[in-house]
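Enquirer: Chain by chain, the residues:
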Amino acid sequence: MSEVLLSVDQVTMQFGGVTALDNVSLHINKGEILGLIGPNGAGKTTCFNVITGVYAPTSGTVTFDDKSLLGLKRFQITKRGIARTFQNIRLFPDMSAVENVMVGVDAHSKTSVVGAILGIPRSRREETESRERAHELLKFIGIDEYAEVAARNLPYGHQRRLEIARALGTNPKLLCLDEPAAGFNPAEKQELNELILKIRDQGYTVLLIEHDMNVVMKISDRIAVLDFGRKIAEGLPHEIRDNPDVIAAYLGVPDDAA
Amino acid sequence: MSLTESFRQRTTPQLQLGNRFRALPRSAKWSLSALLIAALYLTPYWPDVPVLGWIINTPGTSFENVLTDQIMMFILVALGLNVVVGFAGLLDLGYVGFYAVGAYTTAVVTSGQFTLPWIAALPLSVIMAMIAGVILGTPTLRLRGDYLAIVTLGFGEIIRITANNSNWLGGPRGISKIARPPSIGPLQFGVLNAKPYWYLGFTVILIVIFVLTRLENSRVGRAWAAVREDEDAAELMGVDTFKFKLWAFAIGAAIGGLAGSLYASKVGFINPDNFQLQLSILFLAAVVLGGTGSMYGVIMGGFLVAWIPERFRGFSTRRYFVFGVVLVLVMVFRPQGIIPRRGAAAGIAKKGESDV
Amino acid sequence: MSHWLIYRTFWDLTVSGIVLGLIYALVALGYTMVYGVLRLINFAHSEIFMVGTFGVLISLTKVFGISLFDDGQYPYRSGFVLVAILVCSIIAAMVVSGAGAIVLERTAYRPLRGAGDAYGAVVLAFLTGLIASFLFSDHIMTNLAIAAVITGPVSFGYVRIFRRGRQAPRLAFLISAIGSSMAMAEAVATWGPEQRSVYTTPRVLEKKVLFNFLGADVRIDYVIVAIGAILMMTSLLLFVNRTRLGRGIRAVAQDAETARILGVNVNSVILVTFLLGGAMAGGAAMMFTLVYDQTRFNIGFLLGVKSFTAAVLGGIGNIKGALLGGIVLGLAENYGSSIFGGQWKDVIAFVVLLTVLMFRPTGILGESLGKARV
Numbered sequence: 001m002s003e004v005l006l007s008v009d010q011v012t013m014q015f016g017g018v019t020a021l022d023n024v025s026l027h028i029n030k031g032e033i034l035g036l037i038g039p040n041g042a043g044k045t046t047c048f049n050v051i052t053g054v055y056a057p058t059s060g061t062v063t064f065d066d067k068s069l070l071g072l073k074r075f076q077i078t079k080r081g082i083a084r085t086f087q088n089i090r091l092f093p094d095m096s097a098v099e100n101v102m103v104g105v106d107a108h109s110k111t112s113v114v115g116a117i118l119g120i121p122r123s124r125r126e127e128t129e130s131r132e133r134a135h136e137l138l139k140f141i142g143i144d145e146y147a148e149v150a151a152r153n154l155p156y157g158h159q160r161r162l163e164i165a166r167a168l169g170t171n172p173k174l175l176c177l178d179e180p181a182a183g184f185n186p187a188e189k190q191e192l193n194e195l196i197l198k199i200r201d202q203g204y205t206v207l208l209i210e211h212d213m214n215v216v217m218k219i220s221d222r223i224a225v226l227d228f229g230r231k232i233a234e235g236l237p238h239e240i241r242d243n244p245d246v247i248a249a250y251l252g253v254p255d256d257a258a
Numbered sequence: 259m260s261l262t263e264s265f266r267q268r269t270t271p272q273l274q275l276g277n278r279f280r281a282l283p284r285s286a287k288w289s290l291s292a293l294l295i296a297a298l299y300l301t302p303y304w305p306d307v308p309v310l311g312w313i314i315n316t317p318g319t320s321f322e323n324v325l326t327d328q329i330m331m332f333i334l335v336a337l338g339l340n341v342v343v344g345f346a347g348l349l350d351l352g353y354v355g356f357y358a359v360g361a362y363t364t365a366v367v368t369s370g371q372f373t374l375p376w377i378a379a380l381p382l383s384v385i386m387a388m389i390a391g392v393i394l395g396t397p398t399l400r401l402r403g404d405y406l407a408i409v410t411l412g413f414g415e416i417i418r419i420t421a422n423n424s425n426w427l428g429g430p431r432g433i434s435k436i437a438r439p440p441s442i443g444p445l446q447f448g449v450l451n452a453k454p455y456w457y458l459g460f461t462v463i464l465i466v467i468f469v470l471t472r473l474e475n476s477r478v479g480r481a482w483a484a485v486r487e488d489e490d491a492a493e494l495m496g497v498d499t500f501k502f503k504l505w506a507f508a509i510g511a512a513i514g515g516l517a518g519s520l521y522a523s524k525v526g527f528i529n530p531d532n533f534q535l536q537l538s539i540l541f542l543a544a545v546v547l548g549g550t551g552s553m554y555g556v557i558m559g560g561f562l563v564a565w566i567p568e569r570f571r572g573f574s575t576r577r578y579f580v581f582g583v584v585l586v587l588v589m590v591f592r593p594q595g596i597i598p599r600r601g602a603a604a605g606i607a608k609k610g611e612s613d614v
Numbered sequence: 615m616s617h618w619l620i621y622r623t624f625w626d627l628t629v630s631g632i633v634l635g636l637i638y639a640l641v642a643l644g645y646t647m648v649y650g651v652l653r654l655i656n657f658a659h660s661e662i663f664m665v666g667t668f669g670v671l672i673s674l675t676k677v678f679g680i681s682l683f684d685d686g687q688y689p690y691r692s693g694f695v696l697v698a699i700l701v702c703s704i705i706a707a708m709v710v711s712g713a714g715a716i717v718l719e720r721t722a723y724r725p726l727r728g729a730g731d732a733y734g735a736v737v738l739a740f741l742t743g744l745i746a747s748f749l750f751s752d753h754i755m756t757n758l759a760i761a762a763v764i765t766g767p768v769s770f771g772y773v774r775i776f777r778r779g780r781q782a783p784r785l786a787f788l789i790s791a792i793g794s795s796m797a798m799a800e801a802v803a804t805w806g807p808e809q810r811s812v813y814t815t816p817r818v819l820e821k822k823v824l825f826n827f828l829g830a831d832v833r834i835d836y837v838i839v840a841i842g843a844i845l846m847m848t849s850l851l852l853f854v855n856r857t858r859l860g861r862g863i864r865a866v867a868q869d870a871e872t873a874r875i876l877g878v879n880v881n882s883v884i885l886v887t888f889l890l891g892g893a894m895a896g897g898a899a900m901m902f903t904l905v906y907d908q909t910r911f912n913i914g915f916l917l918g919v920k921s922f923t924a925a926v927l928g929g930i931g932n933i934k935g936a937l938l939g940g941i942v943l944g945l946a947e948n949y950g951s952s953i954f955g956g957q958w959k960d961v962i963a964f965v966v967l968l969t970v971l972m973f974r975p976t977g978i979l980g981e982s983l984g985k986a987r988v
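Chains as they are written, first to last, in this note's numbering: chain E, 1 to 258; chain X, 259 to 614; chain U, 615 to 988.
Errors might be hidden in some of the hints.
As the list claims (entries may be wrong) - No farther apart than 27 Å at their CA atoms in a straight line, the calculated lysine-lysine pairs in the DSS-like style are these:
1. E:K110 - X:K501
2. X:K501 - E:K173
3. E:K139 - E:K30
4. X:K501 - E:K73
Unchecked claim - Quick look at which bits of chain E chain X covers, simulated, 3 or more residues with Cβ under 8 Å:
5. 71-79
6. 83-93
7. 119-130
8. 135-148
9. 161-172
In short, the hints are calculated from the structure, not lab data.
For glycine and all other residues, C-beta sits at the position ideal for the given N, C-alpha and C.
Pulled out of the complex, with its shape left as it was, chain E reads as follows (with noise of 0.2 Å):
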């Protein structure tokens, strides 16, 4: 069996009134890409922003490499090995694209303000090889002659692509990506879904919030079925694909049942 990267159990969000999450458990496992879908409003992205500290939930915990991220600031959860992407792109949008890596590939540099104005050894070091790093990882989602020139400028799809880059930089081990997809022509999808398995075949976990069914059942290995805050469904794709309380919830049939 394998190794549970990270686990929400009984998650439970509530803003005001208004319940976003309710009882939530999933987990996802060492290596694999866990694709997490639901319609409009189901909680995709409140779990995402349960999972990466920008909430704090109501009430569940969330354990990750077999300790509680609760009660951790998010830049502390970052460093502990999760990066993500915006549904909406939120880049750096005066830095130029290596730099909006570098910004992630400096969540682990030591160099201190003293040691940066004193110009050490170490902190010379270090700023050599955040950069070199970071054209690596432009390589490798393929934008890298678009290094210098500042994100507001890059064409969208580039821009989506950066947000990964810059996502990778923190050297996670989970990958949180909130819809990459949006806005891509089929011919963009696909390209996208291939860097997806590329970059799970480095090593990386990801965690795929995807509206687009057809990019989901491609390269999950396993998915997650979200609506109206609770998880009606979990399996691997073919399964998925048949739930009928999945199907309902696309259709829009009220479903009272799950």
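We have chain E already, so just place chains X and U on it with the hints.
Expert: Showing chains X and U alone in chain E's frame:
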């Protein structure tokens, strides 16, 4: 989106100049920089140069004194405030408070009961200002942008009013007989000749530029820029945003304190009126006018804000009116400042806070 | 100074604190509304208040011919005449401040939003001509003539530049605000008859004590301020909540881009917001002169800072918050200066603000203009 138009990268003459400079061979770069620095060290003599002298000289006041009491301070302060506002994107409207802390520390420890030598008072002032920055920053840096602005504004006022109402700080009369830097050989730090203060001050400015360039081009500078551009995203990319904001605050405060200390030891006498709230506003104007986030821009801004009102003294009381109108005109026609930050796109306001 | 003093004067302090707070609140409304729609600290709002006080001054002395020296005798000013004078002077102040706010928005902010138009271009061109004319002449009439000649061609140039239509960064707005604030105050200081000195505004009415409230004297001017301020705020709330334009303001405050797509004319909503904020500041200006009998070119600065503090204290963007913040601030200042001494008055204001923000980072009532609460 109606923003597409502003996606066009704007190339300004300054940028082209900068790129051309960067393209030069190393030796040429060094000799050009050395020439420039030498010319700048000789600024007190500029009024004697034909044409340039006519442009730069300040009628009715000694240019030397304007240079050391105003221009030098404004450049230093603009560099310091730029760390906070330009690099880290934190709006600080009470920067005069740190300037005052630096000035008062130097004043208190070198006159009256304590008579520390100047050389000890200077670092002490910097440290005190830095501590003030940390004390103010720790509770307030969790606040969002505009709240921070008003809280810092309050801080600036609190410092001034405290000085005004505290006997040990001289009250409204202020403190006099502040120690001057020790004279070394031909460098006589007295009342009559202001030139040595410029040599000292310009050296300090060069050191500050050196330090800030190191920071800007390191992980620290990148973290600041990330916080400025999108604080939430920065934190989710592993940037300890609070720590870096506090550092920006502390470093900015330290430079403000440094400027205040130099000012106090130059003029030899300070009182609370030297640290009016309006001064904070002028400091900020220097930064934005020059080009927020651009080091050479804010130096230019600091120079202009200090120099214009003195240069146009012929305008007498109208000069602040002129200055106000000039601020509006520059912002309308050159909103990124005179020398914009590299990479700064032409426009697009910083995005408001939104859900992640 | 001493603690028993505050017990003896507690209700006096309360009454005058509330009056001061109401004036803060009226000015704070301008800050809060503009912040709500533009996310801009309208630094020049303090000067909008200042020109309002001069509107009062001019209307009283020039229009009604009330002299500074007839205090003590108000025989002809009772009943209808008195009310007419009060109403006319408040209208004068609201018109002057409202107009000032509109010119400000058109000249100093709108071009920065990439929507500059001919009005702004003309004012900017005139100002450019004016400062250029200083190089040639010290005589104000000559300056104005030169400026007028220059205005035409230069404004054409400016309009062409405006067509490029770029949105400036937020800080640029703030500096433009600071610049216009400075220019307005300095214009009054330079060309006003008393220049930088204090102007005494004529007393319209005898400040009789109307009644006694728990030992505190309640003067007639206090009552006028209270009634006027409440009336103005109520009508503003009704306007924002009940009218179509008010809905527009709330829509833009919530999401300008969506509002634009849905057919709201964002620029005219912003203009109305400035007009309303200016009018409120004008009302405050009239009440201020009524209570304190004076004005000066820089009267707005500290009052503006305090009012903005009040707006933040109550929750910026929140109209009711401005009222609450103003009153809390006015009271805190009065109680505080009686305990710690008047010289600490301004410190107290900021300490209160800091304390509130520590526990409620978005003010007492929270931010809201766009949200359902308002």
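Enquirer: Hint by hint, which ones does the structure fall short of?
Expert: Structure breaks hint 8 only.
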